[in-house]
Amino acid sequence: MNDFDVLVLGGGPAGLSAAIYLARGKRRVCLLDRGTVGGQVLLTHAVANYPGIPERSGYEIAAAMRAQAVEFGCEIVSNVTIESVDLRPDTKSIHTAKGVYTARAVVLAMGGAPRTLELESEARLQGRGISYCATCDGDFFQDQDILVVGGGNSALEEAVALTKYASSVTVVHQFDHFQAYAHAVAEAQNNHRISFRMESVVEEFVGDDTLTGAVIRHVPTGETKRIDATGAFVLIGYVPRTESVAECVVINERGEIVADEAMATSVPGVFVAGDARAKRYRQITTAVGDGTIAALSAMEYLEAKLRSPA
Amino acid sequence: MTLPTGLEHVATADELTSLIAETEHVMVCCGRMGPMCVPVYGVMEDLRDSGDYAHVEFRDMLFDSPESHVIRDLPECSSFRGLPFTVYFKNGSVVAATSSIQSAEQIKAQLDQHFSG
Ligand SMILES: Cc1cc2nc3c(=O)[nH]c(=O)nc-3n(C[C@H](O)[C@H](O)[C@H](O)COP(=O)(O)OP(=O)(O)OC[C@H]3O[C@@H](n4cnc5c(N)ncnc54)[C@H](O)[C@@H]3O)c2cc1C
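Quick note, the sequences are listed as chains A and B, same order. For the first sequence, this note's numbering assigns the number 56 to the initial residue and increments by one for each residue that follows. For the second sequence, this note's numbering assigns the number 301 to the initial residue and increments by one for each residue that follows.
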């Protein structure tokens, strides 16, 4: 039987911090992750703003957090398929491909995932011209014409970075203005290798075995045009991964889980931490802070339950 | 030159050649320590540790090593433009190859389809 005091759903910095506090507080805790433990930190080549840690790769930071949680006694189950969750009863259960896990309290820390355009051609050509990581795949596009889809800080910064390799970068953005810092916009606009297609969206990526271009639609006029490109970097932000619990806890219109200062959700015994929570700033430090509060609140909840079991 | 993962590494082209000659089922993930690659190594470590794929040898290889030409230059990888390059060898021949990040489900589907126990 996989019965614990607390289950943590998601093993990014928020979930790992919660697990470290809970395990160190002598609670039986199991962390379940549907992917590889580390979360978005694994997407980060160099983390330079985590206090006390000089610049380090995201992989190293995630590995250290994981080792710390395991050392304190946390059980970790990664790459597990989560089939369903039942959070309302006093005993919460999470059904997975590896069995049912139960506990009196749960910390939700499912974080976020890169937003995709949800085009069939995008999925088909991923790794064959379509990428979500300029730092990883930029060097495959030496002296080639490429697209960057998006108009936020990441899109503009990566567009500039990609000019190290590509002969031209076309930024395709759906609005008539950018959602980025002025310096990021200025740097992109002043780069002679970058051009812009504003108020435009990708209708379809083109290519059989590899990407050869994209059909772009100008939103105000509806006019479509094919642009030749061998690479396309889709950098259009992140979405909270809360779909698996949307039926159980209150979420807002952006899909984020609503919680109070103690990280308590609308369901007693269910806490939330990190990027999955409705909040303004999403950083490793804020995820770690949320995870700490969620763990301490979960312990307080369990103690109160012990005092008044009814 | 190897990657700092928990997997066993293939360091040279010769090593890979003898491994696939001597072993029926080999999965090699050739990449860097980047965001698209690390999750794949994680899935491979979990599958190895689960014992469900004891008949498969899981290995990684550093993409930036000159020795990785043995993966990079495979015809099956010629259209690849995203790391990692993951190649499945059965009895010394390539039976499948994928480019870019793959989920546990996608990797298990390849293993189940090509490497029956
Ligand atoms: C490219 C990039 C660079 C960044 N750089 C920095 C930086 O330099 N400094 C900084 O402070 N912040 C940075 N951030 C932001 C920071 O990484 C996030 O704010 C932080 O990782 C959020 O932590 P989290 O634990 O809430 O979620 P995540 O890190 O997203 O982790 C969530 C985990 O939950 C798992 N999961 C999802 N759904 C389920 C489910 N249903 N069941 C089980 N498990 C599930 C996922 O597999 C994942 O492992 C960066 C983000 C990105 C994308």
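Hints were generated in silico from the structure; no laboratory data involved. Some clues are possibly wrong.
As the list claims (entries may be wrong) - The list that follows gives simulated cross-link-like pairs (lysine to any residue, SDA-like), each with its CA atoms no further than 20 Å apart:
id	chain 1	residue 1	chain 2	residue 2
1	B	K408	A	P109
2	A	K153	B	S403
3	A	K153	B	K408
4	A	K153	B	Q406
5	B	K408	A	T151
6	B	K408	A	T136
7	A	K153	B	D352
8	A	K334	A	E358
9	B	K408	B	E324
10	A	K153	B	E324
11	B	K390	B	D364
12	B	K408	B	P375
13	A	K153	A	I137
14	B	K408	A	A178
15	B	K408	A	D194
16	A	K280	A	S223
17	A	K153	B	E405
18	A	K219	A	H238
19	A	K219	A	E254
20	A	K153	B	K390
21	A	K153	B	M333
22	A	K280	A	A319
23	B	K408	A	K280
**Message:** I'd like to know which numbered hints this structure contradicts. Please list them from smallest to largest.
**Reply:** 1, 8, 10, 11, 12, 15, 19, 20, 21, 22 and 23
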